[in-house]
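In terms of the numbering used here, the sequence shown opens at residue 1 and continues consecutively.
A few of these clues could be false.
[Claimed, not checked] With a Cα cut of at most 25 angstroms, we get these calculated DSS-like pairs of lysine-lysine:
| # | residue 1 | residue 2 |
| --- | --- | --- |
| 1 | K93 | K80 |
| 2 | K93 | K123 |
| 3 | K93 | K68 |
[Claimed, not checked] Distance windows between CB atoms, simulated:
| # | residue 1 | residue 2 | range |
| --- | --- | --- | --- |
| 4 | A285 | P55 | 26 to 36 angstroms |
| 5 | T31 | G243 | 31 to 41 angstroms |
| 6 | L125 | R274 | 39 to 49 angstroms |
| 7 | L272 | K80 | 31 to 41 angstroms |
| 8 | A304 | E100 | 39 to 49 angstroms |
Think of the hints as simulated: they come from the structure by calculation, not from any bench.
Backbone N, C-alpha and C fix where the C-beta goes; we use that ideal spot for every residue, glycine too.
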Amino acid sequence: MARPLAQRGSAYMRAEQLVELLRPHLDPGITLSVRPFHALVMPPIAMRAVARSIPRGALCIFVKSAAKHLTRAHLAPLRKRGIIVAQDVVDMKLRHVRPELFDLLIAASLRGQQALRDLCADKGLSCPVELLHHHFDPRLQALTLPERPEFSCGYIGRPDNAMIPGAIRAEVETVDISVVEDFERALPRIGSFALHYGVRPESQTAHGVNRGYKPFTKGFTAAACNANILVNRDVDDAVEMLGADYPFLTDPTPESITETFRLAQDSYGGPLWRDALDRMEAMRATVEPAALARQLTEIITRAAPLG
1 MARPLAQRGS AYMRAEQLVE LLRPHLDPGI TLSVRPFHAL VMPPIAMRAV
51 ARSIPRGALC IFVKSAAKHL TRAHLAPLRK RGIIVAQDVV DMKLRHVRPE
101 LFDLLIAASL RGQQALRDLC ADKGLSCPVE LLHHHFDPRL QALTLPERPE
151 FSCGYIGRPD NAMIPGAIRA EVETVDISVV EDFERALPRI GSFALHYGVR
201 PESQTAHGVN RGYKPFTKGF TAAACNANIL VNRDVDDAVE MLGADYPFLT
251 DPTPESITET FRLAQDSYGG PLWRDALDRM EAMRATVEPA ALARQLTEII
301 TRAAPLG
């Protein structure tokens, strides 16, 4: 995998962190490695040495913005060695994705996969689009989750990415996560909430080439904490992963959000709440390291004939 030079957020999680998570679950014949890369500081001629260090017929994945400024000249030495070239798009805006450069694309969400397929079709390209779900932060697995005798709700992330109506604002604790280091400090609080808050402003869920399709990481984080999530049904993969009848899906209006919040609050600990937790547990199983290792193995197997 080639990752951006700067180690931030999703780019780091889809490179070094993902590799460390998946290694123990992969067949011994599959080896993973990560290299920092930026096309502006790596002239095409220098790619010859890079290509020689990669086994013939391997799969080389450029993670997110590591593909920025990439040219056909950069990729030519790789292709001469039969190396299959892919981009892991993660949540990049569609207008920045150039499928014509790659043998395949990798999406981090179901909605993102469909959007990339539509993009390729619009460009008249037959580029395959694979799916590799995102994972939750592995540090969550080490948490000792507290007893939760009472209902509590928390929003984890940048405050400007949440839509919290005034009627419930005092009942939703905001844990500001703006940089990677914030997450480490916030871990005890993240594991304490019974309900995670994931309602985004409607403008962040509109479709089109000017937006990126995000993995459902807030849902995965909640599931890792044995918590439910309150989320608008238009958030990428919320319905696909939890089902259209998950009880705490809402519409991005103050009235609908408040009503769904009260439903979660009133049902806490009861049958409806426990049924919703079962959905969360099933979703978590799809993004556990062993499941992701199987997904990646299938991608590698299907990619082999492209070389």
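Each hint, compared with the structure:
{"no.": "1", "hint": "K93 to K80", "verdict": "violated, 30 angstroms"}
{"no.": "2", "hint": "K93 to K123", "verdict": "holds, 16 angstroms"}
{"no.": "3", "hint": "K93 to K68", "verdict": "holds, 12 angstroms"}
{"no.": "4", "hint": "A285 to P55: 26 to 36 angstroms", "verdict": "holds, 33 angstroms"}
{"no.": "5", "hint": "T31 to G243: 31 to 41 angstroms", "verdict": "holds, 37 angstroms"}
{"no.": "6", "hint": "L125 to R274: 39 to 49 angstroms", "verdict": "holds, 46 angstroms"}
{"no.": "7", "hint": "L272 to K80: 31 to 41 angstroms", "verdict": "violated, 59 angstroms"}
{"no.": "8", "hint": "A304 to E100: 39 to 49 angstroms", "verdict": "violated, 21 angstroms"}
Checked against the numbered hints given earlier, the structure breaks hints 1, 7, 8 and satisfies all the rest.
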